[in-house]
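Residue numbers (the working numbering): 20 to 306.
Hints listed in this document are in silico derivations from the structure and should not be mistaken for laboratory results. You may find that some hints are simply not true.
In the DMTMM-like style, the derived pairs of lysine to aspartate or glutamate whose C-alpha atoms are separated by at most 20 Å in a straight line are [to be verified]:
(1) Lys-75 <-> Asp-89
(2) Lys-237 <-> Asp-205
(3) Lys-116 <-> Asp-105
(4) Lys-250 <-> Glu-276
(5) Lys-250 <-> Asp-205
(6) Lys-159 <-> Glu-172
(7) Lys-154 <-> Glu-172
(8) Lys-183 <-> Glu-68
(9) Lys-179 <-> Asp-205
(10) Lys-116 <-> Asp-89
(11) Lys-183 <-> Glu-276
(12) Lys-250 <-> Glu-172
(13) Lys-85 <-> Asp-105
(14) Lys-234 <-> Asp-283
(15) Lys-116 <-> Glu-127
(16) Lys-75 <-> Asp-105
(17) Lys-179 <-> Asp-157
(18) Lys-154 <-> Asp-295
(19) Lys-186 <-> Asp-205
(20) Lys-70 <-> Glu-86
(21) Lys-159 <-> Glu-175
(22) Lys-179 <-> Asp-262
(23) Lys-159 <-> Glu-141
(24) Lys-186 <-> Glu-263
(25) Lys-179 <-> Glu-276
(26) Lys-183 <-> Asp-157
(27) Lys-179 <-> Asp-283
(28) Lys-154 <-> Glu-175
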Amino acid sequence: MARVLRQTALPQPAAARLLAPRAFSSSACVAAGASSGDSFILKTYTRPELKLSHGKGSYVYDTTGKEYLDFTAGIAVVALGHSHPDVSAAIADQATKLIHCSNLYHNEWAPQLAQALITATEAAHPSATAGLYAKGADGKIGARVFFSNSGTEANEGALKFARKYGKHVANAGTLGKTASEALRGDPNLKSNIVSFTGGFHGRSMGALSVTANPKYQKPFTPLIPGAMTAKYNRADELAAFIDERTCGVIVEPVQGEGGIHPADVEFLRTVRRRCDQVGAVLIYDEI
Numbered sequence: 020m021a022r023v024l025r026q027t028a029l030p031q032p033a034a035a036r037l038l039a040p041r042a043f044s045s046s047a048c049v050a051a052g053a054s055s056g057d058s059f060i061l062k063t064y065t066r067p068e069l070k071l072s073h074g075k076g077s078y079v080y081d082t083t084g085k086e087y088l089d090f091t092a093g094i095a096v097v098a099l100g101h102s103h104p105d106v107s108a109a110i111a112d113q114a115t116k117l118i119h120c121s122n123l124y125h126n127e128w129a130p131q132l133a134q135a136l137i138t139a140t141e142a143a144h145p146s147a148t149a150g151l152y153a154k155g156a157d158g159k160i161g162a163r164v165f166f167s168n169s170g171t172e173a174n175e176g177a178l179k180f181a182r183k184y185g186k187h188v189a190n191a192g193t194l195g196k197t198a199s200e201a202l203r204g205d206p207n208l209k210s211n212i213v214s215f216t217g218g219f220h221g222r223s224m225g226a227l228s229v230t231a232n233p234k235y236q237k238p239f240t241p242l243i244p245g246a247m248t249a250k251y252n253r254a255d256e257l258a259a260f261i262d263e264r265t266c267g268v269i270v271e272p273v274q275g276e277g278g279i280h281p282a283d284v285e286f287l288r289t290v291r292r293r294c295d296q297v298g299a300v301l302i303y304d305e306i
């Protein structure tokens, strides 16, 4: 197989302008009410004036050396802490090999991680729903991993899977374990998605549509159609919201917006049963 190597240089003097060191006046920026460089960044949050420079374990430090206990943890994504030696070594080693190739191509590590996740899930939960452990024609379990870059992207993927599954169920004319002709001929009718009060699923359009908080939603309406909101932990009201036109239900077993609010076990069991009855996908949004 012929090997073609091509090295493309940035055009000059554009490269020089792009790569040249830039000086910022921290005092001028702070005086203007922004940290250094913020005049170039779109303002999405009102941030404190402190500027973080590095972290170690559960602590982060600002440019003056002041220490802070990091309760945010990158919004719950830095579970192993900052500057973990094993994580740092793995990132540095991988950076010398391959930075990114997208999911258009196979790579060395993604299949191993996916297998580890599924194996660990099976070991931790030997008894689960048929949707997780159903076997295909090859005798292998149907569980698969969908990698994404963020929680909201994972939820967007899950909502799309639910919408696609709704079309499949409607086209087949089967809902749960019973036969129905109610939706046959118009698969778009089985497209409603139910979420719950107090939840937070992300800020992209689909995830925002199932995050029932007017403060987040109002600036971006109209959102996607078919999104419905039921009351969290109210099992007695589920049947009024989850019906044959529901393709998916998204719920946080433990809500984290504005506190820690766990779902009642019987509420979650009722959600599961109702989804089975009407042929809807149940999505657990959890870390």
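Cross-check of the supplied hints:
Proximity of Lys-75 to Asp-89 is assessed by CA-CA distance (about 10 Å); at most 20 Å being required, the pair is judged to hold. Annotation: proposed proximity of Lys-237 to Asp-205 is violated, straight-line Cα distance about 31 Å (limit 20 Å). For a cut-off of 20 Å, the pair hint linking Lys-116 to Asp-105 stands: about 17 Å separates their Cα positions. The suggested pairing of Lys-250 with Glu-276 holds, with an alpha-carbon distance near 15 Å, which does not exceed 20 Å.
As the CA atoms of Lys-250 and Asp-205 are separated by approximately 29 Å, the hinted pair breaks the 20 Å bound. Between the alpha carbons of Lys-159 and Glu-172 the distance comes to roughly 27 Å, so the proposed pair goes past 20 Å and is violated. At roughly 27 Å between alpha-carbon atoms, Lys-154 and Glu-172 are farther apart than 20 Å, so this suggested pair is violated. Distance restraint check for Lys-183 and Glu-68: the Cα-Cα separation of roughly 45 Å exceeds the 20 Å cut-off, and the hinted pair is therefore not satisfied.
As the CA atoms of Lys-179 and Asp-205 are separated by approximately 18 Å, the hinted pair is consistent with the 20 Å bound. Of the supplied pair hints, the one linking Lys-116 and Asp-89 is violated, its CA atoms being roughly 32 Å apart against a limit of 20 Å. Restraint check for Lys-183 and Glu-276: not satisfied, since their Cα atoms lie roughly 29 Å apart, outside the 20 Å limit. The straight-line distance between the Cα atoms of Lys-250 and Glu-172 is roughly 24 Å, outside the 20 Å bound, and the hint therefore fails.
Note on Lys-85 and Asp-105: the hinted pairing is violated, with a Cα-Cα distance of about 25 Å set against a maximum of 20 Å. Between Lys-234 and Asp-283 the alpha-carbon distance is near 27 Å, which puts this suggested pair outside the 20 Å criterion. Straight-line distance between C-alpha atoms of Lys-116 and Glu-127 comes to about 11 Å, which keeps the hinted pair within the 20 Å bound. Note on Lys-75 and Asp-105: the hinted pairing holds, with a Cα-Cα distance of about 13 Å set against a maximum of 20 Å.
Between Lys-179 and Asp-157 the alpha-carbon distance is near 26 Å, which puts this suggested pair outside the 20 Å criterion. Note on Lys-154 and Asp-295: the hinted pairing holds, with a Cα-Cα distance of about 18 Å set against a maximum of 20 Å. Taking the CA atoms of Lys-186 and Asp-205, the gap is about 8 Å. The hint holds against a cut of 20 Å. Distance check on the hinted pair: Lys-70 and Glu-86 sit about 12 Å apart at the alpha-carbon level, within 20 Å; holds.
Between Lys-159 and Glu-175 the alpha-carbon distance is near 27 Å, which puts this suggested pair outside the 20 Å criterion. For the hint pairing Lys-179 with Asp-262, the CA-to-CA distance comes to about 19 Å; that is within 20 Å, so the pair holds. A hinted pair counts as satisfied when its Cα atoms are at most 20 Å apart, and Lys-159 with Glu-141 qualifies at roughly 13 Å. Simply put, Lys-186 and Glu-263 have alpha-carbon atoms about 12 Å apart, close enough for the 20 Å limit, and the pair holds.
For the hint linking Lys-179 to Glu-276, the alpha-carbon distance of about 24 Å lies beyond 20 Å, and the restraint is violated. Between Lys-183 and Asp-157 the CA atoms are separated by roughly 23 Å; this puts the pair beyond 20 Å, and the hint is violated. Proposed proximity of Lys-179 and Asp-283 is contradicted: the alpha carbons are some 27 Å apart, above 20 Å. With a C-alpha separation of about 26 Å, the suggested pair Lys-154 and Glu-175 falls outside the 20 Å cut-off, and the hint is violated.
Checked against the numbered hints given earlier, this structure breaks hints 2, 5, 6, 7, 8, 10, 11, 12, 13, 14, 17, 21, 25, 26, 27 and 28; the rest are met.
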